[in-house]
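Enquirer: In case you want the letters, here they are:
There are 2 protein chains.
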Amino acid sequence: MQTLIIVSHPTLADSNAQRFLWESLPAEGVTWHHLESVYPDGQVDREAEQQQLLQYDRIIFQFPFYWYSSPALLKQWQDVVLTEGFAYGPDGGRLAGKEFGLVLALGVNEREYQAGGREGFTLSELTRPYQAMAKKCGMVYMPAMVVSQFDYLNDSKRKELLVAYQQYVSKDTEASLKTTENWFKIQLQSLGKAGLSEENQQLVEHLIAVLEDNREHLDDLAWTLAQMEGNQLG
Amino acid sequence: MQTLIIVSHPTLADSNAQRFLWESLPAEGVTWHHLESVYPDGQVDREAEQQQLLQYDRIIFQFPFYWYSSPALLKQWQDVVLTEGFAYGPDGGRLAGKEFGLVLALGVNEREYQAGGREGFTLSELTRPYQAMAKKCGMVYMPAMVVSQFDYLNDSKRKELLVAYQQYVSKDTEASLKTTENWFKIQLQSLGKAGLSEENQQLVEHLIAVLEDNREHLDDLAWTLAQMEGNQLG
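Quick note, the sequences are listed as chains A and V, same order. Taking full-length UniProt numbering, the leading residue of the first sequence gets 1, the next gets one more, and so forth. Taking full-length UniProt numbering, the leading residue of the second sequence gets 1, the next gets one more, and so forth.
Calculated directly from the structure, the hints in this document are not laboratory data. Quantities reported herein were computed from a predicted structural model and do not represent experimental measurements. Please note that a few of the clues may not be correct.
[As the list claims (entries may be wrong)] Now the in silico label distances, taken between C-beta atoms and shown as ranges:
(1) N154/A to G195/V: 51 to 59 Å
(2) K135/A to R19/V: 27 to 35 Å
(3) E112/V to E181/A: 28 to 36 Å
(4) G97/V to V38/A: 41 to 49 Å
(5) D219/V to E160/A: 52 to 60 Å
(6) A96/A to T11/V: 25 to 33 Å
(7) E181/A to P40/V: 46 to 54 Å
Ideal placement from N, C-alpha and C gives every residue a C-beta, glycine not left out.
Working from the sequences, and respecting the hints, build out all of it.
Expert: Right, dumping it as structure tokens:
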């Protein structure tokens, strides 16, 4: 899996959180793309950005949560790059099926983002514009990853963060596994219709059956695991 | 009442909707502040913007709804101007009590902004970041004004839009009336404590009583009006 992390931060060098995330990156499969470094004049290159996006399976927006949204340059990137005919609309849908994630760095404790908290709204509410964007582009929206008040985290919490971040940017999700399976199934089924020999058609049907058996087995395991975790907690 | 309309649109001259709104402005009490004209280089002047904000009772953000948010320059404006110590935090709260409005120009029919519609989320959901901003600044959030697919509106609909816009930018709301009354009451009450002569204290108490009577009378009228509208509709 290939992941593109689109980072927007106007003063990246001053951010301990962003430096830590950068140092936590896995060695392979991940590209770090800091917009303010690439475009210091704010002139986003639509063609280059669109071509780049097509090469990745997972697209992540990573930024400090300024006024409940991204810094301005990432918004500019959205408006320039995600055009009708590319991201949506007739002949669009070029990002459909890719995964979309958010890595949000908060200056305020995450607990404040709830009814009655100082910020008053949940992060799920405040990130609706990104959910709507993913929906319009046909992308699979991942639960956001939140880095809350990084400078106050102790070493143990930072190690947890490192692992969580590595997984967020590189680990297959249940959604990506299912997407891959479905992709194989569709490919195999279209093979079956393409005038294969009877022997090969049987092989294809067999492969599809194996995929479906595996999926059932995985779902069973996930269910059992959830029960065990429930028992431990209860 | 003085209203500041902060307009953000990267290609304002090409927008029929924005031209129409500009031509609809009342002659007095409203300032049109187009960010891309004032700051073609994107360098927002914090000090000038903050001083300007203080002179107005109602602040409006007006923009085309690009990717469920504003164009980038308005976001830049928020991040530069609405600083801790001015808009919020210790010694902040300088915008508290002002009214905050949104004028959103949509390229898509407003009906699509609902569960099951093509956009999938309501405008109230998608504008949560502005609601949270108003809350943090202690501003009174007005229901948003929506201009949906302006180019398709006939003359009659455009006339309705003109009136609705003039009212949105200049008419006292129930909230602004109550705010004004409360402001007077607090002023009058603090006068009463400031060692006035007994005669003047009686005058002040009389004025407060008149204000409260007026408010009760207004509330009664509003209730009666709502009943009548209900009967007409039913």
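Enquirer: Could you run down the list of hints and mark each one as holding or not?
Expert: Status of the hints after comparison with the structure:
1. N154/A to G195/V: 51 to 59 Å: 57 Å, holds
2. K135/A to R19/V: 27 to 35 Å: 32 Å, holds
3. E112/V to E181/A: 28 to 36 Å: 32 Å, holds
4. G97/V to V38/A: 41 to 49 Å: At 42 Å between Cβs, range holds.
5. D219/V to E160/A: 52 to 60 Å: Holds - the Cβ-Cβ distance for D219/V and E160/A, about 55 Å, lies within 52 to 60 Å.
6. A96/A to T11/V: 25 to 33 Å: Since the Cβ atoms of A96/A and T11/V sit about 28 Å apart, the hinted range of 25 to 33 Å holds.
7. E181/A to P40/V: 46 to 54 Å: Check passed, 51 Å falls within 46 to 54 Å.
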